[in-house]
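Quick note on numbering: the sequence shown equals residues 1 to 126 in my numbering.
No lab work stands behind these hints, which were simulated from the structure alone. By construction, the Cβ of each residue, glycine as well, lies at the ideal position given by its N, Cα and C atoms. There's no promise every hint is true.
FRET-style restraints, in silico, Cβ to Cβ [as the list claims (entries may be wrong)]: (1) Arg-114 / Pro-26: 52 to 62 Å; (2) Ala-27 / Gln-55: 19 to 29 Å; (3) Thr-42 / Gln-70: 50 to 60 Å; (4) Ala-123 / Gln-55: 44 to 54 Å; (5) Gln-117 / Trp-78: 55 to 65 Å.
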Amino acid sequence: MGAHLARRYLGEAETEPDPLQLPTFPAELGLPNRTPRVMVATAQQLAGGRVPLEQRDFCAHHLLRLLRCQRDAFPLPWQCQDLRHAWDACQHRDYVMRMKEFERERRLLQRQKRIRQREAAAATGE
């Protein structure tokens, strides 16, 4: 997971996206039929369910149901196993989606750099 840090600090900083920033390219670039992700749970539901701020992501609706189940079936945590699995699966899909977004951004930055280099070479060659 630290490969992006090594590339950023050891030489390819201009083509390495910042993982803490939003993507700089339009979402439909390269993927024309892409739909934006939306939150299923509202802010009021998350606050009412006492979901921690660091866990308020696109899988928070699964976490809400899991926390409610754990609270209702307190001494028997295995009764919420299917909800835990659904939340874990959603977290994994979210992680894969974020890694794909990062890689897409990195490749688009590399493409942009190649285009600029080609244009500079064409301008100096003429």
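Taking the hints in turn, this is what the structure says about them:
1. Arg-114 / Pro-26: 52 to 62 Å: violated (19 Å)
2. Ala-27 / Gln-55: 19 to 29 Å: Holds: the Cβ-Cβ distance is about 24 Å, inside 19 to 29 Å.
3. Thr-42 / Gln-70: 50 to 60 Å: violated (21 Å)
4. Ala-123 / Gln-55: 44 to 54 Å: The hint (44 to 54 Å, Cβ to Cβ) holds, given that Ala-123 and Gln-55 are roughly 51 Å apart.
5. Gln-117 / Trp-78: 55 to 65 Å: Once the Cβ atoms are compared, 58 Å apart, the range 55 to 65 Å for Trp-78 and Gln-117 holds.
Going down the numbered hints, you'll see the structure goes against 1 and 3, while the others check out.
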